[in-house]
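Note that the protein sequences, when read in sequence, are chains G and Y.
In terms of the working numbering, the first sequence opens at residue 1 and continues consecutively.
In terms of the working numbering, the second sequence opens at residue 1001 and continues consecutively.
Honestly, the hints are just simulated from the structure, not real lab data.
Note that the structure is a prediction, hence the values are computed from the model and not measured.
Cβ atoms here follow ideal geometry from the backbone N, Cα and C, with glycine treated the same way.
Fair warning: there could be bad hints in the mix.
As the list claims (entries may be wrong) - Okay, derived cross-link-like pairs now, DSS-like style, lysine-lysine, Cα gap no bigger than 30 Å in a straight line:
#1 G:Lys68 / Y:Lys1067
#2 G:Lys68 / G:Lys114
#3 Y:Lys1067 / G:Lys114
As the list claims (entries may be wrong) - Not close to chain G: a few residues of chain Y, all C-beta gaps over 12 Å, as computed:
#4 Val1031
#5 His1034
#6 Arg1074
#7 Arg1076
#8 Val1094
Here's the letter readout for the chains.
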Amino acid sequence: MSRYIEDQPDADGVDRRGFLKCMAWAGTGVVWTLGSTGFTSRALGEVAPARKAFTFVQISDSHIGFDKPANQDVVGTLEECVRRINALPQRPAFVMHTGDHVHLSAPDEFDTVKQILGTIRTDRVFHVPGEHDVFVDQGRRYRRFFGRGSHGDGYYSFDVAGVHFLALANVQASEAETQGPANGLGRLGHEQLAFIRRDLAHLSADTPVVVFGHVPLLAVYPQWGWATADSAAALRHLRRFSSVTALNGHIHQVISKTEGRIAMHTAASTAYPLHPPGDVAPEPLVVPAGELPSRIGIRTVEFRRGHSSLALVDESLSS
Amino acid sequence: MFYAPPDVPVAAHVRTVTVTITNFTFRPARVVVHRGDRIVWTNQDSDPHTIFSRAAHWSSPALDTGKSFTRVARRRGTFHYFCTIHPFMHGTVVVR
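Isolated chain G, as found in the complex:
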C-alpha cells in the first residue's frame, strides 16, 4: 500500500477514490456522508444515540494576507466560517485553529485574524502554529499573539469533560536538532517529545485523547513535507490509549488515515484548497468560479457522554 492517500477529485469535487481508500484504512468505524454540493463527512466511532456531552470546532489554514486568484477574499471566507460557527445548534466548548492563521507573518495579518476569531461565541479559542505563522522570526510574533500559556514553540495540553487534548507545535526544528539541510517535514523535537511523555504518563488508558497539530501526524505525502519526521516517538506514547484522534491542517483538504488505534483527519482550509498529494506542487488550487465554497469550511466534533469515541462533521461553505 502506498504511503499516502491518492486523491483524485471528480468533477463535482467529491474525492471518491480517496474516500474509498480512507474507508479501507480507517476500517469499519468511519462513516462518510458525501453531500452533492461538496465535502461532508462524518466519522462516527459510536452510533448509539446518546446525549451530546460537548462539541468543539476545528478551523485551519486561514492565510490572512493571501490575495491570489485561489481566493481574493480570505478575510470574507474566514468571517463566513465564524458566522457558521456562531449559528451551530450547540455552542462549541472551544474552537481550535490548527495553524497558518496568516500568510506572511505580518503584524497586521495577525491583528486581523485575532479580531475575527474574537467574534466567535465560545468559551475559548485555542491555537497551534503553522509554518506561515513562524517563518519570519522563529515564531516570536505568533507566540505574542496566540502563545500565552504554552511551552517552547507553542505546545500545551488541556482537559475538557474527561477528554485530554494535546496541542502540538510541529513546524519548527531547533537549530541544534537540524543536522544538515532541512528535509521539509514537520518536527516535534526532543523537548516536546519529553513533554508528551510526561503529560500522558498519569492518564488511564481509557481516557479519550485528541492531538492537534498543523502538519499531519501520520504521513500523507512526505515528498511535500506532509508528514512529521519524529511522530513515531510520539505515537509510541499514544499507543496504549483506546481512542486517539489526531486533527491536523496544513494540506487544505480532508483526508483520513488510521494506524493502529490512532485515527488522523486533516481539515479543509477556511481560505482555499491545495493540489491533491503529488499533483503538480503543494500550491493553491484555483478552482472554477463558484466552486470555492465547496472546498473550504469548518469541522465540528461531538463527544457523547458515556462513549469514548467522537463524531466528526466536516461542513463546507456550500452546505
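Take the given structure of chain G and dock chain Y to it, following the hints.
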C-alpha cells in the same frame, strides 16, 4: 543597491546570476559563481518563498510573486540554502 565591500576584489567582469523559483523548485538548483558576482533569486510562484543559508548568512524576507532577493558572493565555498516556508526546496551556490 548592489555594492562591493572594500575587502572583496571586484572581478573585471562582475556577473549577475539569476535563479528562478518556479513550481516550488530553485532553477537552476546549483549555480557556480565567482567572488564579487551577484546572485538574484526571483519568485515566479503564486506562493511566497524565502532563501535561507546559515553558513552564507543569507536570510531573505518572504518573497511574494514577482519579488527578488539579491546577494553578493563574498566568500569562497559551497553554500546550501533552502526555503524556510517549504524546507523541501533546496539549492546550492558554489563560489570560486
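Those earlier numbered hints the structure runs against, lowest number first: none
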